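Trainee: Heads up: the sequence lines are chains A and B, in that order.
Anchor point for the first sequence: position 2 equals 2 in the UniProt record's numbering, and the numbering is continuous, going up by one each time.
Anchor point for the second sequence: position 163 equals 163 in the UniProt record's numbering, and the numbering is continuous, going up by one each time.
Worth flagging that the hints you see were computed from the coordinates, not collected in a lab.
Everything numeric in this text was worked out from a predicted model, so none of it was measured.
The reader is advised that the hints may include incorrect statements.
As the list claims (entries may be wrong) - Now the in silico label distances, taken between C-beta atoms and shown as ranges: (1) L130/A x Y348/B: 37 to 45 angstroms; (2) K225/B x L130/A: 18 to 26 angstroms; (3) L130/A x V45/B: 33 to 41 angstroms.
No residue lacks a Cβ here, since even glycine has one placed at the ideal position from N, Cα and C.
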Amino acid sequence: MSVEGIAAPQSRPVLEVRDVSLGFGGVRALTEVSFEVRKGELFSIIGPNGAGKTSMLNCVSGRYKPSSGRVFLKGRDVTGLTPNTRATLGLGRTFQNLALFGHMSVLDNIMVGRHHLLRNNAVSGALYWLTGARREELAHRRKVEDIIDFLEIAHIRKAVAGTLPYGLRKRVELARAMAVEPSIILLDEPMAGMNLEEKEDMARYIVDLNEEWGMTVVMIEHDMGVVMDISHRVMVLEFGRKIAEGLPDEVMANERVKVAYLGIDDDEAAGENAA
Amino acid sequence: MISSSLIPCGQFKTSYAADTTLFLTPASRNWCIFGVVLALAAPLVASNYLLAILIQIGYYGIAALGLNILVGSTGQISLGHAAFFGFGAFASAWLNNSFGVPVLLAIPLAGVMTTALGLLFGIPAGRLKGLYLAIATFASQFILEDFFSRANWFTGGSSGAMAGPINVFGYEVSGDKGFFYVVLFFLVVMYLLGANLLRTRDGRAFVAVRDHYLSAEVMGINLTKYRILSFGISSFYAGVGGALYGHYLGYVSAEGFTILLSIQFLGMIIIGGMGSVMGTLMGTAFMVLLPEATEATVSTIKHVAGDIPALTSALAYIKEAAIGLAIVLFLMFEPDGLVHRWRLIKSYWKLYPFSY
């Protein structure tokens with residue numbers, strides 16, 4: 001730990017969550033949850049409704065401040081930092097409920113993701129031609145077009161985001177998070193509410209993002225088929241506690257996970273109580 | 001292409017809205033340039049009455065654009081815009097009278113001073129939203145009004161301040177004709193800056209903060225910073241517009257900058273179209289022309305139907321009621337403003353004779 005800052009970040013995980021607890025009044029949303037995500041991993045968080053998955057993601061992205069515990073991003077303690085600072089440090093995320101900028105074009109939405117990478121400001125931006133803002137905007141436009149190509153949304157780049165169908169909006173949201181050029185990207189239910197075809201597409205994009213772009217991904221998803229197929233490791237939450245973590249197969253075989261998802265059979269429970 | 005070539009140039013000077021950069025087609029750009037050229041020729045033919053109206057549209061239009069960046073683009077409400085407009089007028093007169101700063105320099109400097117003031121008032125406002133922000137800016141309106149009436153050194157107190165005429169290279173710009181060109185220059189420059197701002201990083205950040213502040217924050221946008229910055233920019237526009245107003249009238253007095261004018265500014269951007277650069281100018285023109293049109297209507301009735309004392313004596317009230325009525329009707333039937341109506345008209349012609 002003494003050489004932290006030089007050697008440590010290389011060997012340390014991209015994301016480290018240590019004993020994070022979160023309470024809202026009397027409700028304990030998270031209780032001492034710890035996990036690590038290593039570079040290049042596709043890590044999934046699953047659990048029944050209300051298990052605290054989104055709360056966990058919000059603690060990581062800075063929306064919530066954990067009541068105890070720390071969050072480390074690339075070896076740096078970010079627990080006390082605001083969401084926007086974390087974004088500049090390399091954290092991207094999408095939201096469970098659509099959170100696009102509804103009145104902006106798809107292109108502008110994605111360009112907003114470049115915010116922390118652009119240098120022009122209110123003055124130099126207003127003087128557009130004189131300050132190099134034009135050149136800068138165009139250079140970043142090129143990067144954004146790469147992402148648009150990758151996610152195959154070129155046909156809607158000028159469309160107003162709020163008018164798009166659900167599946168496309170989700171894709172635009174992923175594009176926007178990618179535009180941040182994060183070291184790790186958090187996806188909150190990227191496939192919720194999609195039909196089978198859209199789900200397959202999205203799963204393909206996430207796998208490609210992970211394998212071709214080398215992006216580290218943390219994903220919350222309810223579709224077990226997708227999660228078990230594409231994840232490298234899976235963590236299971238129940239009532240704010242971590243009940244399992246490991247390879248998809250291990251997690252599937254875990255008794256506690258089965259109980260959490262399927263519930264205890266009444267007869268069995270009665271039998272247990274009697275014993 | 002067809003639609004843009006059908007822009008009726010010269011109408012309401014929408015053409016020198018100078019949001020050049022956002023032109024969709026070369027044709028619409030060319031028409032805009034043509035509109036500015038036409039405006040340049042206006043003093044040669046237009047009457048003084050018409051020029052006075054155009055100048056009014058000019059300085060109010062500049063200030064309204066600032067409010068539109070704040071309210072329309074950033075989604076922050078302000079009920080104190082007239083006070084910042086007034087501060088700009090006083091600041092420019094003060095710089096000119098007390099320090100001998102040439103007026104042409106004093107106008108942008110007044111804008112900078114107003115920016116500083118706006119940033120100051122923006123600090124608490126940057127943390128508030130909705131109704132709470134409305135009340136906070138309402139307070140800033142009254143704080144500044146009180147300041148105007150007490151700060152004798154700055155505003156001349158109740159007697160007001162003289163604002164000197166504009167000198168360009170030793171040549172004094174006098175009369176509406178000369179001043180028209182000054183206003184036109186500032187209008188074009190300020191609208192160009194505004195349009196550029198809205199298509200670059202910080203402009204996008206403003207709209208992001210308006211549309212979804214939570215995800216804006218996750219995209220690396222510092223919410224408080226951008227809310228305050230938006231206040232500053234809006235105040236800059238108010239300051240420049242106010243300074244032009246002051247030097248045009250030659251005399252600045254606090255009575256002109258009441259809450260009523262603040263509401264009128266809001267009316268301009270609601271009628272024109274929230275968040276639209278071009279719409280701002282349309283809305284301003286509408287608001288400036290509305291009382292004139294009302295007056296013309298009343299005098300026509302007078303001609304045709306003979307003198308109706310009740311109507312003539314109520315003219316002042318009718319003018320104000322017309323403004324209120326216009327705002328209400330627009331909110332009900334065209335909440336996206338004139339600019340939206342304009343787009344509909346253009347697409348109607350573009351698609352004619354098919355409606356799809």
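Trainee: Which hint numbers does the structure go against, in order from smallest to largest?
Mentor: Violated hints: none at all, because every hint is consistent with the structure.
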